[in-house]
Each structure stands twice: as C-alpha cells, then as structure tokens.
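Participant: With the hints as your guide, set chain L onto chain R.
Residue numbers (the working numbering), protein chains in the order written: chain R, 1 to 195; chain L, 1 to 557.
What the hints contain is simulated information worked out from the structure, not anything from laboratory work.
Where is the CB? At the ideal position from N, CA and C, for every residue including glycine.
Fair warning: there could be bad hints in the mix.
Computed, partial: chain L to chain R, Cβ under 10 Å [unchecked claim]:
1. TYR63
2. ASP65
3. THR66
4. PHE67
5. ALA79
6. LEU81
7. LEU82
8. GLY83
9. TYR84
10. HIS86
11. HIS89
Label-pair ranges, simulated between beta-carbon atoms [to be verified]:
12. R:PHE171 x L:LEU81: 22 to 32 Å
13. L:LEU81 x R:LEU60: 28 to 38 Å
14. R:ALA9 x L:GLN93: 40 to 50 Å
15. R:GLN140 x L:THR42: 22 to 32 Å
16. R:GLY142 x L:GLN93: 19 to 29 Å
17. L:THR4 x R:GLU173: 14 to 24 Å
18. R:GLU173 x L:ALA464: 53 to 63 Å
19. R:GLU173 x L:ARG61: 25 to 35 Å
20. R:PHE171 x L:PRO13: 26 to 36 Å
21. L:THR4 x R:VAL134: 24 to 34 Å
22. L:THR4 x R:PHE171: 16 to 26 Å
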Amino acid sequence: MYIGKIVNASSHVDYVCQVYGPGEAEQIPAPLDYGFGAFIGIEQEDGGLLVGLIANTMLLNPEFGNLGPRLSPQDELAVFSPDYLAEQATLVAITVIGAMPAEGPVLQGVPPVSACIDARVRRLTDAEVRAFHVCGGRFQLGYMALLQGMQSNPLIPPLLLQVTHDLMGRFPEQASRLAILRCNLAWRAAVLPAG
Amino acid sequence: MLDTVPIGTTKGPGETPHEYVFVAADPEQRVKYGEFVYYETTVEGARRDILGRVSARVPLRLYPDTFLADPTVPPQEVADLLGYEHEPHELFQITVTILGYYDPVMGFVNPRVPPPSGTPIHIASDAMLGEVLCKLQPEALGAVHIGSLLSRSRDAVPIVLDARGFTSTHMAIIASTGSGKSYLAGVVLEELMRPYNRAAVLVIDPHAEYDTLREMQGHPAFAEGGYAPEVKIVRPSDIHVRVSSLELADLRYLLPNLSERMHFLLGQAYGRVRRKYGDKWNRGQLKVEIRAGLRGEAVTDPEADGDEDPTVGALIWRVGQVLEQSPIFDDNRNLPLTSLLRPGQCTILQLNEIPDREQQIIVATLLRRLNQSRMDTVRGRAHPDDEDYIPYPAFVLIEEAHNFAPANADLVTTGILKQILSEGRKFGVSVGLISQRPGKLDSDVLSQCMTQCIMRIVNPIDQARVAESVESVGRDLLSELPALSKGQVIVAGASVNTPVLVQVRQRLTRHGAEDLNAPEEWRKYFSEDALFQRERDNARPPDSPPRSDDPFERLFD
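With the rest of the complex left out, here is chain R:
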C-alpha cells in the first residue's frame, strides 16, 4: 500500500511525504496507513528501501485564513480550476531509521544514502517489519539510539512508546525485553515530567 511520495527533507533522516489525495493513486491510503509510529519504506531506484517511521503529520491548506467571499461555489471548483484542490494536502514527517538494501544485510541507524524527491513511500508489510528487526539472526533495535538523540522533539517520547507497543504485538517472544524498555520510556515520558 503506497501512501505518498517524498516532497522535501530537512536533514539526512528527516523527510516530508505528501500523502496521496484523490486522483493521485489508484487506492487512496486510509488515515491508519500513515498513522503516527507506522513503519514505512521509501523506495530506492536500486530496488532497496529506506525504512522510516511516521513521526509527525501536517495538514497543508492555503485556504486557511481566507475568509472572503468566493464567486465559484465549492462543488464547481473541481471543474473550473482542478489544480486548486491539489493545494490542500496531508504531509507526514518521516524519520528514517535504517535501510533494507536490495542486496545485503539490513542496516539499523543512519543509512549512507538518501531518498530522492518523488520517491514512493509505502507501508511496510508485517514480514518486512520482522525482517528489518532481525539483524544477524538476532532481534535488534539498533535505531533506538538515533531516536533517543532527538529528545528535543516533543513527539519522540510518544513515538518510542508507540514503536515499542507495536513491536510487543509483532514479537511476543521479545515481550519481556521490550516491556523493560517500554516501562523505562513510560516513566520518563509520563511520570517524571509531571513531577
């Protein structure tokens, strides 16, 4: 399931993806497909994938603040100025956490290559998520350090909680280890700031 295309990047690991709207794809993605904390893949030209997480969502609406009268009714705008609708868009921020090259082992952490503009973004399948987390035959979360280093972003703690919760469901055999991690993250995210 494709959810959009890369339209911008603010760093080597922070990308902006524009979610496909009506007419842009055969199947419009549902909001849960690009929900917060979802694992996504950015397709590379060589057939590989950059693996990332949906870390934020922004809604683009040029009409915001434009409260004046309009000559054309809203439902006729699609006929008279079809490109106008395209200016409203849903953007999602993607944090790249690794790569699954077409050949070679999975990489967790900062990938050496970047994504291209208009690179297609799709939701990872359950099998791909499992494959990404098994490095050298062992379950690993090598990208956690990268996310922990972004603590200035207030959405990182809930993102970490969301990811660990998601992984506990996918990897029940790792639940006890993930529970320790999640307990610690929850304490720091929920209890300590409240004190």
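Facilitator: This is chain L only, laid out in the frame that chain R set:
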C-alpha cells in the same frame, strides 16, 4: 546452581574493591539488608558461586514528591492517570560486599575481581547458607546453636557457633540493657552443657540471674545415656577467699587511700610473711609482721599496742576492718577449683550482696588460680592430688565485665584478664565477657575477644567503642546496631565463617533476668488475698478495745 531465577543484574563495581552493585526490581522485597546473594563465575577453571552480603539498598526510581501531596491518594493512582500502568515501578540499586566462594579449608576466598556488568545475581538458598555460613551443623561436637539467620524465616538457616573458636580465643557479648544479652548467654550456656559438648563452665553472676539454668539438670534435651549436666550454684555466703591467695596488689586494692608509709609498711610485712610461711599464711601472721614494723622486730604479743608507731596501729586496724569484718576472707577456706570446674558442670558464682571491691578480688584470685593451675598442668608441673588440679580446658563467663576490666582504670582483675586473653588459648582458659557498656570496657580487653556477639546499641560512645575494638564486623553491619530488635544479634569472628545477623533461638530453660512488672505488683497489693492477709495480720484479740485513730494513744495500746 541452587536458585535458578535471578533476583537482579549486576550494574558494576562498588565504591570499594570488595563491593559491587546490582539493580533489582525486587517486588517481593526479598533483598533485605544483610541478605546473602551470589553470582556464578569461573575461578581458575572451576565454577564457583561468589557469595556476598547486601550492605545498602538505594531506590533508583521514586515517585515525584508532588505525587505524595495527599496521603489518601496513592502515587500509583496519580501515575495511572498519566497513563503509566507498568508494574512494578520500583527499581533498587543494591550494594553487595563480596565474601567470596567458600572453600572448606580456606573459608571464604575473595576472587578479587568484581562481576562483569550484566551478570545475573541470585538469592542464596537456605541450604547453601546452612553449609557455608557456619563451620558446624547443629548438634555436632563443639556446636553452639544460638539461633537462625535473621533475613530468613525462623529456623530456616540455623546459625551455629564453633565452640572451638570462642573457647580458645574468647568471646564478648555486648548489648544495651534489655536487648537480650543475658538471654543469649543463657542459650550459649545451654548449648555448652548439651550432651555433644559437656563443657566445664564457670559463670560470674553479679546479679544472681542465672539460677534458672538449674532446670538443665532434669531437662530431657540435656540428657544422653548416662550423661546429665550438673548445675552448681554457689551463693554469696558460700564464697570464701583464703587470705594467703591474696597478692600484695590485692591487699593494696582492698585498702584504698593508704599513706606512703603505710604502703611501705604493708609491703615489708607482706614480703616477710611470704618468706616465713610461703603460700599458707593467715591474717594473724600478717598482723604480727605489720606490728614488727619497718625493722622487723620480734613481736611477742600481737594484740599489745603499748608504745607502737601510730602508722602501724592504723594499718593493723585497716587490715582488720577489711580482712576480718568481711565474711568473704578466711584463713583456711577457699573455693576449690576442682569443685567449681568439671566437664559437664556449670557453676554459677553468685556475687550479689558482695561489695564491688570484694567481687573484684574474688574474680581476680579465682582467675589467677585457674590460669596458674592450667599453666602448671600444661607444663607438667601439676599433680592430680593438687588442690587446684584442672586437667581440662575451662570457660569462664563474666557478666558485667566492665566492672572487672573498666576503661581508664586499672583494677586487680584487669591484669589477669588481659593475661588470660593474650595467653589463655595456650593453656585452655577462655573467657566470655558480657557487658552493657562497651564504652566503659577496656578497649584492649574487648579487642582480644575474637568472637563477638553484638546486640542493639544506641549510645554513640558505646557504638564508637565497638567500632574501634571489633575489627571483623564491617561498618555496614555496625550501622545496623541501633535498629536491631530484642533478641537480634550480629555474630562475627572466629566462631563463624562470616559475620551474620542472627535471631536468637528460644531458650530451653526459663530466663532468669526478666524485668519486674511493677504495676502488676502494685495491683496485687489490693487483691482479695492480700487484703485478707493484712486484715488477719493486724487482727486484735476479741476482748481488746477498738484501736484508736490517735497515733499517740496507739503507742500505749
């Protein structure tokens, strides 16, 4: 491996080379202060369990103070409100003092390297501790089963002292009043008299609180085959010190505040009486020699006091006051050591109602005679017919030891106690010192007792004295002293493999030093029986006139 589920994980080395720290959630609160834990490692190719004792426990994750604002709202509920629903939330950093792995020959051997970070830590099982903490199992030869490990359920891990330890290198029982030191001493005495030990014990009992030990004589737990312990109680009226067993220092101690001239005169007279009569002199002979004066002139009538030197007269009066007025001193009678000390016999020497100085003289002369007797026996100079022939080791338990070896004072007992403490192991004379004021006890004396039983001590001076005199107990255990409850004791030294916190076992005989219940006694005064008794005692003949209320008239009733 004895306990397969780890309790925590090693974090890293501690502050000192023999410490490490581990982190544990410990929701069941199993990791108590003083608890024993271990980790597995390989030492010189052999798999070893490295035992350690928990010495500190610090929480790592506490609820914010503001969560504790309302005592009716548990902080867990506040955390739940915020979406924190994980259990358990608590984590502790636990410091462990490494003891090492147990080697039956070497004792505990420290591997001298802390465990690597991430090493799983296990709680030591009862069976493991039963094997390694003590040198002996209960009811073995030399076993003194005083109780069980405090951090475990009662009787789960028996703590057994090795009597060979404290009967060669001495013992001290130190505790403040009411913490159970006499009770513990009673337990030790019971164990020494059990059929597997059959010790020769003398108890110096200044408060007459050990006479309940007599119950051992008919108690089935103490009988085996033809053996039953004998408990001999020597009352104050039966205690005699033959004056010829007194040394010059004893006489000077009994006669305080003598002038220089009197001291000199006494020394001269004592020397002459010893030269003339050897070890068998009496009070009359001493007085004769005093009367003979400095020049040693012949005296025909020891009672004549014609034109003698006033110093001589005064000294004779002083000697008479002390040696003749007191029922303790006698020309002939003595306490025979052979009747006081015998294997399978516990002799309790009750010193109540005897003045302090005389108590000290009694103890000093007894210890001196015992030490001499054992020295003579070991060196082959004693003969079975000798009055003080003791061909077996003896253990002397001294209550209120600070009265016999006080700090900052040199009593007649101090010297002989120090001699026994330093040399006694060679001759089979050992002492157990009991004191409620270690701060008042001579530090040399305390430090030479190599088995220490330390109970609750609150007084900071006493704590400091224990800390400076007792080397084998770590600071972590000493910090427990004010927090110990009645009947809880820290045992350390030569009789155990490592210091342990012990809950003293129930005594088989009654405890003789229980506090008087004053309110109950007052109430008894108004009981029906007591009222009837008083009425009967104060009854007047039926034909006598009624008793007047006027106290003056009552004088003529």
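Participant: State the violated hints by number, sorted upward, taking the hints as numbered earlier in the document.
Facilitator: none
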